[in-house]
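4 protein chains.
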Amino acid sequence: MSSALDVARKVLLEAAASAGGMVKVPSRSTRRLEGAREAMRAAVTERHGDLAARKRANALMDAYGALAVDEREPFFRALAEFDASREAIDRAIERVWQAPDREQRTAAERDLRFALEPARVRVLREFARQPGGVKFVVDMRAQLRALDARRDPDLAALDTDLKDLLATWFDVGLLEMHRVTWDAPASLLEKLAGYEAVHDVRGWIDLKDRLDRDRRCFAFFHPAMPDEPLIFVEVALVDSLAGNVQELLDPSSPVKENAQASTAIFFSISNCQEGLAGISLGNALIKRVVSKLNAELPNLRTFATLSPIPGFAAWLRSLDAAEAPTPLREMLAQKRWRHDPEVVAALREPLMRLCAHYLVESKRPDGTALDPVAHFHLSNGARVERINWLADTSQRGLRASSGIMVNYLYRLDHIDANQDAYATAGKIATSNEVADLLKRHKRGLAQAPPAAG
Amino acid sequence: MSSALDVARKVLLEAAASAGGMVKVPSRSTRRLEGAREAMRAAVTERHGDLAARKRANALMDAYGALAVDEREPFFRALAEFDASREAIDRAIERVWQAPDREQRTAAERDLRFALEPARVRVLREFARQPGGVKFVVDMRAQLRALDARRDPDLAALDTDLKDLLATWFDVGLLEMHRVTWDAPASLLEKLAGYEAVHDVRGWIDLKDRLDRDRRCFAFFHPAMPDEPLIFVEVALVDSLAGNVQELLDPSSPVKENAQASTAIFFSISNCQEGLAGISLGNALIKRVVSKLNAELPNLRTFATLSPIPGFAAWLRSLDAAEAPTPLREMLAQKRWRHDPEVVAALREPLMRLCAHYLVESKRPDGTALDPVAHFHLSNGARVERINWLADTSQRGLRASSGIMVNYLYRLDHIDANQDAYATAGKIATSNEVADLLKRHKRGLAQAPPAAG
Amino acid sequence: MSSALDVARKVLLEAAASAGGMVKVPSRSTRRLEGAREAMRAAVTERHGDLAARKRANALMDAYGALAVDEREPFFRALAEFDASREAIDRAIERVWQAPDREQRTAAERDLRFALEPARVRVLREFARQPGGVKFVVDMRAQLRALDARRDPDLAALDTDLKDLLATWFDVGLLEMHRVTWDAPASLLEKLAGYEAVHDVRGWIDLKDRLDRDRRCFAFFHPAMPDEPLIFVEVALVDSLAGNVQELLDPSSPVKENAQASTAIFFSISNCQEGLAGISLGNALIKRVVSKLNAELPNLRTFATLSPIPGFAAWLRSLDAAEAPTPLREMLAQKRWRHDPEVVAALREPLMRLCAHYLVESKRPDGTALDPVAHFHLSNGARVERINWLADTSQRGLRASSGIMVNYLYRLDHIDANQDAYATAGKIATSNEVADLLKRHKRGLAQAPPAAG
Amino acid sequence: MSSALDVARKVLLEAAASAGGMVKVPSRSTRRLEGAREAMRAAVTERHGDLAARKRANALMDAYGALAVDEREPFFRALAEFDASREAIDRAIERVWQAPDREQRTAAERDLRFALEPARVRVLREFARQPGGVKFVVDMRAQLRALDARRDPDLAALDTDLKDLLATWFDVGLLEMHRVTWDAPASLLEKLAGYEAVHDVRGWIDLKDRLDRDRRCFAFFHPAMPDEPLIFVEVALVDSLAGNVQELLDPSSPVKENAQASTAIFFSISNCQEGLAGISLGNALIKRVVSKLNAELPNLRTFATLSPIPGFAAWLRSLDAAEAPTPLREMLAQKRWRHDPEVVAALREPLMRLCAHYLVESKRPDGTALDPVAHFHLSNGARVERINWLADTSQRGLRASSGIMVNYLYRLDHIDANQDAYATAGKIATSNEVADLLKRHKRGLAQAPPAAG
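Protein chains in written order, with our numbering: chain R, 1 to 453; chain C, 1 to 453; chain W, 1 to 453; chain Z, 1 to 453.
It cannot be assumed that every hint is accurate.
Heads up, simulated EDC-like pairs for lysine to aspartate or glutamate below, C-alpha to C-alpha not over 16 Å straight-line [stated by the list, open to error]:
1. R:Lys-55 to C:Glu-190
2. Z:Lys-191 to Z:Asp-206
3. Z:Lys-55 to W:Asp-413
4. W:Lys-191 to C:Asp-413
5. R:Lys-163 to R:Asp-139
6. R:Lys-163 to C:Asp-111
7. Z:Lys-191 to Z:Asp-214
8. R:Lys-256 to R:Asp-183
9. Z:Lys-135 to Z:Asp-206
10. C:Lys-208 to W:Glu-190
11. R:Lys-191 to R:Asp-206
12. C:Lys-55 to R:Asp-413
13. R:Lys-55 to C:Asp-413
14. R:Lys-208 to Z:Asp-416
15. W:Lys-55 to Z:Asp-416
16. W:Lys-55 to Z:Asp-413
17. Z:Lys-287 to Z:Asp-413
18. R:Lys-135 to R:Asp-206
19. C:Lys-191 to W:Glu-176
20. Z:Lys-191 to R:Asp-413
21. C:Lys-163 to C:Asp-139
22. W:Lys-163 to Z:Glu-190
23. Z:Lys-163 to W:Asp-111
24. R:Lys-191 to Z:Glu-228
25. W:Lys-135 to W:Asp-62
26. C:Lys-208 to C:Glu-196
27. W:Lys-208 to W:Glu-176
28. W:Lys-287 to W:Asp-111
29. C:Lys-55 to R:Asp-416
30. W:Lys-208 to C:Glu-190
31. Z:Lys-208 to R:Asp-209
32. Z:Lys-55 to W:Asp-183
33. C:Lys-163 to R:Glu-228
Simulated from the structure, these hints should not be mistaken for laboratory data.
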C-alpha cells in the first residue's frame, strides 16, 4: 500500500472517530488496518476542534488525490466501514417506543434519524466545506462508480450515501439555469462538446452551429462549481415536427428567424457528471426550458423531442421468428441494406410497427417502458408522438435502432395527467398515428402464418 | 378565517397528501379543518405530477403571503399536523430488526430514515424549488419564531424541521464570503446598517467610516439569495489591543495605514436572518476572516475581539450582599455615577474582579459560560484576554455591563486546544491578567466581613 | 518656488521641447525660468523615445500633484508658453498657397492643421495615456478654471486647448449611459448627491426616494473614468405635468405604478465635472433618456421638465419702475410675503406675466434667451409650456425666482423645428397658455400709468 | 446605380450641407450626381437640429450597409467631394495675419484649424455617435482601403481623414488591455484565430495550447467595440532564448511552470482591424505587456521576440552574383534542399551572414530598415539579438526566409537609446553575435573571387 493510502487511512480513521461516538463495524478488516484501528480507538476518546477537522479533511483530500487508480478501492472500503452504530440505533428506537407524549416522541424520532446516519457521511460533509470540496465529492463518487460499486454491498452502501448527500446539495432549488451561447467561455464549450452523449460534436464548426440564432442550449450549474455544467439540453427552433436528425444538424442549412418558429425540438439532452448518476435533473431542466422558451417566443406551439431509441435493435434481435419474421431479420443483417431502395421499402412498414410495439408495449417487470429514453420522457409526462423512418442514418443510429427515431411530445396541459397515468398504471400516451401503427402491428401478428422453422 | 387562509389550507392539505402515504396525526384539529381533511383524504388516494406539485407550491406560497399576521399561527398549525407516519416508522423498524444480512440492514436503515422525515418537510422542500423559494422558507421560519414557537410542541416541531432543513441548505460549504466596501450597492449597505446588532450605525458617515481603508467588513451570502447578507463581521486594523469602542468608532480619528497594523479587532458580529437562528455561521466566518487577513496582511500578529458583556449587569443584580457588597450596589444605582470621578475610581477594581468572575466562573447547569457572547467565542476556541474599564460608555453599554467590555483572543495555534477543553471540560482559557483578577476576587471574598443584613 | 514646481517646470520644458520642433514664444518669462529655458534649448536638439516620454509625463503629473494650490498658476503659465510655432505656421501657409494641384494642396492643408496645434497639446495628450490620465486632465482643467482662467489671455488659451482636447475624448459617441438605482455603489451615490446642483439631496432617505420605482436617474460615464459620473438627470414618472417640486420630492408621497404614468418630468439635471465646462452633454443625455423611456414605458405621452428660473429675481431687480411697479417691488421685499395670503394673491398675476416676459422676450445681444436654463432647453428644441406659481418654496427657490418654476416641453415631432427656429432666428416656442400670459403682460404695460417717482 | 446608393447620396449631401457653410469642390462630378447636387444646394441654405442629424446619419449608415461592393467607390467619391472650403481657409489665414495681438492671433489660429477640417469629417464624426458607429467607421475604412484607395488623390484624402479621426478615438490612453485565456468567449477566440497573421492557428487544440499556463496572450480593446480585438500579442514563457518556432508551438511539449521561466518570447503580434492600418498600436502593446509580465513574474529577465523575416528571400533573389554566389542560389533553388544534410550544412554560414547583412545594413532611401518586421521592432527600441538557422521550417517560413528567424531583444534600460539612435541616425543595435556575422560577411565579400559570368 502506498504511503498516500496509509496517510489517507490514518487521517480517515481519526476523522471518522472524532466525528461522533459511533462503533465501527470492522466487517472486512485486513491485517494492515490493525495499526490504523489502534489509532482510531485512541482517537475516539478525544474531542477535536473544527480547525483540526478542517485540517484532517484537507489532508484526507490530498491523500485521496495522490492515490493511484487501483488504490482507490481500499480507500473506499476503509471509508465504507464507518457505519452507523447499531447500538446507538437500537437505543434510539427504544426511546422512540418509550416516549410518553408526542413532544418526546418527536424529539426521539429526530435523534433516531441522526443515529441512522452513517459516520462516514459526516466525513463527506466535511469534505464539501473545503474549497473545491463539492466538486471533489462529485468526482469521488464518479470514481467509486467506475469501480462497479454496486456489485459489492459495502461499496454500494457508500455509493448510496454519496448519492443521498449529493441529492440534497444538488436540489433543483439550489441550481442555476443559464443559456449557453457562442459567447460562452471556450473552456465551457469544450466541456459541453465532451459531455454530449447523444449526437457527437464533430468539431467547433458543428458546435457553433448548435449555438446559432435558431438553436438554444441551456444548462444547469451549481454555485459551488460554477465552471462545470451538470446537464444540458440542445433545442432547435423549426417550422414543424423534425423527423431527421442529420438535416437538423446540417451546418449548411439556412438559419431561420426565431420569430417564425412554431416548434421547439429537444434533440439532445446529456448529463455531464457521472458523480450525479441517479439524481434526476433532466425533468426539471426540460420543464424550465419549456417555460422559458414559452415566455420568450410566444409563437412556439409545439415542444417535442427528436430522440434515439437505444434499445430497439437489441430487443429486435431477442425476438423469436414468430415475432420478427426471418426474412426481415435477414434483410436487416445485410451490411448495406439502407442503400438498397427495395430493401428499405420492404423494411419500412414492419420495422415501424415493431418499433411502436417496442416503445409502447414492451415493459420491464415493474411496468415501466423497456427503452430507457422512452422511460425518461414518459415519466416526465410526454407522449409517443411520431416514429420516423431513416431519421438517423449515422452508424450509431443504424446500429442502435435501424435508423429509426421517435418524437416525444410535451403538451403543458397533458403533462401531469400523462405522468400520473404512467407512474400509477404504466399507461403510455400516444398520438393517433402511433396508435394506428400499433393496431396494424397487432392485426399483422394475428394474420401472420406460423413461422417456418 | 380569511379566504387566503382557506386556500392555503386546501392547497397544503393536497400537497402534503400527495407527497407520500403518511398518516396525518390530527392532534389539535378544529372544526374548521374538517372540510379540508375530507379534501385531503380524497387527495391521498391520487397521484400528482411535478407540474401540479409546482403549481401547488406556488399557490401555497401566494396564499401564505396574503395572510394577515394573526392568521399565520393556524397556517403553521395546519402544516405542523403533517407528521411522519407512526405506522410507517414501526414497519420500518420491524424491517431493520429482521434484516438477515448487512446489505438488507443497510437498506432498511435508509428506509427508516426516510420514514422518520415528517411529511411537511417535503412541502417545505418544494417551496425552496420555486423562484425566491429559499428566501421564502428563511422568512417563514423568522415569522414562525416571532410567534414564540418554542412554547408549543407542535410549532416547536415545525421549527426544528425548518432549522434542520435550512442547516443543510446553508452548510458553510455552500456559502460565499465577500468583502463589503463603500463600493457595495447602497441597498446592501442599508441592510447591513439595519442588521448591525452590536453598535448601532448612526448614519451613512458612520457606516462609510466602518468601511474605510483601516476597516474590514466581511459577510456570508447564499447563492440562492445573493442580495441578502446572512452574517457579517466588522474588523478594525489597529496598533494594539483596542480597549474602548467609542474611540474605535470615532469617524474623526485618523485612518491608519494597513501595512503597519499589528492587530485585527473584531468589534461587531451580527446575524442578519432571524430565520437562520440556531444555525451556527459565526464560527466559520471568524475563522475564514482570520485566514484571509493573515494572507493579505502578513504584519498582523494579534486577532482579538472587543466584545460586549450583555449579561453582566443582570447577573450582578441577582447576587446577594455577600457576593456584591451593598455600597457597591448603591454606587451603581446612582444615575450619573460615571460622571463622578470618585465613584468611578471606587467601582473600578471590584467591578473588574466581579466581571472576571462572571465571565470565567459563572456557568450554566451544562457547564457552559453564562454569558452568551462569552459562550460563543469560547466555543470557537478563543480565550478571555483582557477586561476593559469604561470601554463602552454608550447608554446600552452602561446599562448592560456598567461600561465594561472584554477582549477575546484568537490564537491560531491554541484555538483547537481551547475549543476542546471548553467543549469537554468547560475549561475556559484566560490570560495571566484575567487570572490575576480572578485571584484577587477570590482573596477579596475570603477576606470580606460577613455582609451586614 | 517649491521644488515640486521646479521639477514640474524642468520636466515640462524637456517634454514640450522633445515633442516637436516648435519655437517657444517666451512672452511672459521670469528670471527664474531662464535656467529651465537653457535646458529646453539643449533638449530641442535631442530626440526622445516613448519610454522617456512616458516617464516624463508621469514625473510631470506627480510634480503637479505635489503643487500647493497657489503654485498652480505658474505651472499653467509655463505650460501656456509652449505655443504653436509661428514660423512653422507661416511656412505651412506658404505651402498651402503654392500647392500646384489638389493632391498637394490637401496634404499641405493637413500639415497646416498640425502646425496650428500648440506644442502643449502634445504634452496634455501624453498625460491622458498614463493610468488615470484622462481624469487627471479633467481635474487639471477644473483647477485651471478655479483660477478664473478666462481673465488672462495665456491661461484662456490653455483652457481652450484643454476644452478642445476633452471635447474629442468626451464625444457623445464614446460615452456610456447607465441607469443609476439604489443598487448602485454607495460611493457613486455619494458622488451624485454631492454633484446635485438643482435640488439639494437632504440625506440618504431623500436620495433613496429619488431612485425609487417611480423615479429614474440616468448618467453618462466615460470608459476611462468609470467611477465618475459626468452628468446625470433625475426623472419622475407621474400622471400629469408636475407644477410643484416640493410635492415631487416628498418622500412620504405614495409610489405610483410606472405602467400608469403618462408623464416623465425631468426635474434635475446636473453636470458633475467642472473640467468639462462648455462641453455640451446635457442635450444628448436628455434625448437618449427620452428614447429609452419611450421604448421602456409606451404609456408615456409627455416629456417635460420642471425647471428653476435662476435669473428671474436678479432681472426683476434690474427693471425700472415703469417695467416693475413700485408696490410690487415693495411687496416682494417683505421678508415673509409668501406667508401672507393677500400678498401672495396680489403678486401672482403680475409676477407670472413678468416671468413669461423674462423667459420668452428677454434676450442677450446675440438673440439667445437671457435665462441660462431657458437657453439650455430652448437650444435643445423644447418649448416654454407652463409657468407655475409657488412651485418651489425653498429658500433657494424664493430667492432666485420668487418661487416660480417653469415646465419646458419636449415633443419629439417638434424638437428639430424648435431647435432650428431658435438657433437661426432666436424664435422661442411657447404653449397657448404662456402666449396668453405674454399678451396680458403687453396689454398691462400699455395700460399702465406712468410710474410715480 | 442602386436605390441604396441614391438614398446614400441624397442623405449624404444634405448631411454635409447642413454641417456647415463649406463650399463643395465638385471636382470629379458625373452626370448622375446632378440631381443630388440640386438637393444639396437646397440643403445648404437650411439648418438642421440634432435629431435630424442623427436620423440622417442613421439613414446614411443603412444606405451604405445596403450597397453592393462595387457601389462603394461612388459613395466614397461623393463623400470625398465634401472638402474644406478654400475661401473659408483663405479668410481665416487673412485673420491670422492681421491679428493685432497674441490673444486674437490665438483665436484666429484656432478658427483656421477648424476651417481646415474637411466637411466630410463632420459626417464621419456623426456616424460614430450612433450605436455601433465607431465599428462602422473602422469597417468603412477597411472597405475603402480594399479599393486600393491610395492610388487616387480623392480617395486617399478621405482615407487620411478617416485615419486621423480614428487615431484620436483609438489613442492608447482610451484603450483597454486584457489578457485572453481559454476562458474567454469562444466568439472572441474564433476572431483571434482568424486574425493571427504570423503563425496560422491550426485548430482549437493549437489555440488552446497557445493560451496554456506557460503562454500569455494580451489584446487591446476599445470600449466602444468591446467584442473586437484591435491587436494581440502571443508570448511564450520559457527557459532560454527560443530559436525554433515549431518547437515553441508544439502542443505535445510539456507545460513549464511560470515561476521558473526566465525568458518571455513574443512569437506573434497581429493587427486585427484593417480599418486601423497606419495607427500604431503595437509599440504600446509590447511595452505594456513587458511591464505587466515584469510585475507579475519577477523571475523574467529577458524579453525578446522570435520573428519572421518576411523580405529576406525576395531580397536575396534581387542580388547579383557578386553578392550571392551562383552555387548558393542553385542549392536554394532545389525543391527539397532542407532534407539534404549536406546542402543544409553548406548553406548555413553564407545564408546566416547574408541575413545579418539584410537585417542590419539593407536600408530604404529614408535610412530605415528594409525588412518591415525589423523596422517595427527597431523603431520600438529593440536590437537584433540572434539569427536562428532552420527556425521556421513551415512552407511559409522556408519560402519567405529560407527557414531563418530572428530574435529581437527588448532591454528596458536600452530601449530609449536604441529608439533614438535608430530614429535620428538609422543606427541599428546588434548583439556581439550578430556583429560577428556581419564582420564575417564583409570579410567574405572582400575575399570572394569575382563572380564568374
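(message) Let me make sure I understand: some of the numbered hints might not hold for this structure. Which ones are they, in numerical order?
(response) Result: hints 1, 4, 7, 8, 9, 14, 18, 19, 20, 22, 24, 27, 28, 31, 32 and 33 break, sorted rising.
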